[in-house]
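**Student:** Listed below are the residues making up each chain.
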Amino acid sequence: MAKERIQIMVCGGTGCTGDQGEALLDNLKLELEANALENSVNVVKTGCMGLCSMGPNIKILPDNIIYTGVRPDDAREIVSEHIMKGRRIERLLFTDPGSGEKLATEKELSPHRKQLRIALRNCGIIDPESIDDAIAHDAYEALATALTNMKPLDVIKLIKDSGLRGRGGGGFPTGIKWEIAFNNKSDVKYVVCNADEGDPGAFMDRSILEGDPHAVLEAMAICGYAIEAAKGLIYIRAEYPLAVSRLNTAIRQAREYGLLGTNIMGSDFSFDIEIKYGAGAFVCGEETALIHSMEGDRGEPTVKPPFPAVSGFREKPTIVNNVETYACISPIILKGSEWFSSIGTEKSKGTKVFALAGKINNVGLIEVPMGTTLREVINEIGGGIRNGKKFKAAQTGGPSGGCLTEKHLDTPIDFDNLIAAGSMMGSGGLIVMDEDDCMVSVAKFFLEFTVEESCGKCSPCRIGNKRMHELLEHITKGKGVPADLERLKNMCHVIKDTSLCGLGQSSPNPVLSTLENFREEYEAHVTVKKCPAGKCKDLMEYFIIAANCVGCTACARVCPVGAISGERKEPHVINPEICIKCGACMEKCKFDAIIIQ
Amino acid sequence: MPKINSPAELSKHKKEIREKLYGQEKILIRVHMGTSGLASGAKSIYEFFREELEKRNIEATVINSGDMGYSFAEPTIEVRLPGREAVVFGNVDKIKADEIIEKYIKNGELTDGILPANYRSI
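These protein sequence lines map, in sequence, to chains D and Y. Here the numbering used here is used: the first residue of the first sequence is 1, the next is one more, and so on. Here the numbering used here is used: the first residue of the second sequence is 1001, the next is one more, and so on.
For the record, the hints were derived by calculation from the structure and aren't laboratory data. One should not assume that every hint holds.
Subject to a maximum C-alpha distance of 25 Å in a straight line, what follows is the list of computed SDA-like cross-link-like pairs (lysine to any residue) [to be verified]:
(1) K1014(Y) x T262(D)
(2) K107(D) x R1018(Y)
(3) K45(D) x R1080(Y)
(4) K1012(Y) x K107(D)
Selected chain Y positions facing chain D (in silico; Cβ < 8 Å) [said to hold, decoys possible]:
(5) K1003
(6) Q1024
(7) H1032
For glycine and all other residues, C-beta sits at the position ideal for the given N, C-alpha and C.
Working from the sequences, and respecting the hints, build out all of it.
**Tutor:** What follows is the structure in structure tokens.
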């Protein structure tokens, strides 16, 4: 290949583009043309470079120099100094606020990025169907370290010291769970991986299993070594066929290499893993229900204690950890507990994967240290709200969680702060809502999910949620009365206090949190019978402004139910009795004469 | 493949594999084929690269992997040219794939639609 030519990458992330990034790109091209360099220097616009707070940013190859805070006027100097004379422009380099040093390259700037990948470290980087590629990226090295240099109690102590908490929702300290299982002596113990990811909008576990299955297998073996178990089980929903197939391949390859099976790597330790399929019931993500489902019984929860770590699968001590929790284990063994506990907040260590969904530009998976704020997640990493709309709320914790509003934008996200804000971490689904979303409908949506998924064992959850859903249905149809809001609140508390398992206890959360944060929206529905977001069909009315209507008859012709009448060239009217609120007339009208009231 | 019987054998195997997979001066293309990628058509992009690179006499390894989390820009692919940092391209359709082969793989010339690494890893 010929000598590498100079190329300029201009960050096209939302932050940089919004700060005259486009003008910068144009100016760079103009300057290059002015110097007859347009054919020898390539300028491209890229996705977000992840250095939003310093933007607009550009990166110049092959020198690998990143300039930050670049204004459109700087284009001339960049071309004349850097490109033509090969001199670095010191003033455009980022100054480290701590040391005062100038940082120029990718490597130097990397610590300033908001995202840190621990659980997702190998996703998209390795071939998940090749154990060799995984081994080339350090797979099974932590297991080797544990088997040769550590006793089971050392492993447990390390995990305890790291401060790792369960990533599936509850946030129970993983090391303490392992210790309980270790202390319960039994000839048979089980290590279970909970891959029954059920929150709407969450897909981090799926991505880890699809992208890096060996990380989970290895961590389960480490857990088995720590608690002295020889058998691992992965409970995964059959709706994840790709993850299942890659897991099967990974297990087969690990067995062939002797990394699962008897006397792993020449040690006395034997461990094997089997896959159990779930039918996709949400409640089976709850550990006792999950265990019953694996035993072949109905997936119904039972009262704790006894905790599974004491008496779980087939009444033997059982560890149930989530996929993402397992994905954090090997790096902790290899890099130490101090490294892990240096990341995150006081009580929530490490990173968390979030699945960004909803009205956000960059839908997808991100992994950030605990304590990152919602504003950073949405505006910087998520690229902001779609179509420049206004942020309204973000739902975390799925149907068991609550919503965070504008006032929570600068709250560091961790287990405890989310609970204090009336939500919860859950598995990490983060659904972003904008000004067009009706919060009563959002609460109704999540409740619909819980009603559908309730196993029916206890009455508060089975009957209570159904009644609550009916009330919300009433309210969104304009049939609610102000007293309904108090009734709703009461029901929430009763269901919360008296349900058997986590599903029922947390099911009123979306209602409680929207009632708390958006009470005025509920009130508008029950008093003046209006939906401020314009989402509830039964509460809106299409109306023709006579002054704007020219009588073109376009609306009357498009109306599927013949609700619009009027003479040619005369203002038309909509008969609200017949109108089905489909909105076709409004779309058709060229004169903005039709509005929603 | 023989069994790995000790931690020392694991290290040895790792070294050999690193050399074999990443030590050579060879072009490596990774198509991200998790559920998000596949749903956006990553499979046909994978096949496109396999067929076209052969047709155009470019020696390269095309392999699949999981998703990187860029659901908003699927299908995404990663191209690793010898001696250079890996580059990830987003929203790759066949037209884009053709452009990537002609411009980047053949001449090392970047195109629009690059997703720079916006994270740090361990």
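**Student:** Are the hints correct? Go through all of them and say.
**Tutor:** These are the hints, each one checked on the structure:
1. About 21 Å separates the Cα atoms of K1014(Y) and T262(D), which keeps this hinted pair within 25 Å; it holds.
2. The suggested pairing of K107(D) with R1018(Y) holds, with an alpha-carbon distance near 22 Å, which does not exceed 25 Å.
3. For the given pair, K45(D) sits about 19 Å from R1080(Y) by alpha-carbon distance, which is consistent with the 25 Å threshold.
4. About 29 Å separates the Cα atoms of K1012(Y) and K107(D), which puts this hinted pair outside 25 Å; it is violated.
5. The interface hint given for K1003(Y) is met, as the beta carbon of that residue sits about 4 Å from the closest beta carbon of chain D, less than 8 Å.
6. Here the hint on Q1024(Y) is broken, as its CB sits about 13 Å from the closest CB of chain D, past 8 Å.
7. Interface hint at H1032(Y): satisfied, since its Cβ lies 5 Å from the closest Cβ of chain D, which is below the 8 Å cut-off.
Of the hints listed earlier, those the structure fails to meet are numbers 4 and 6, in rising order.
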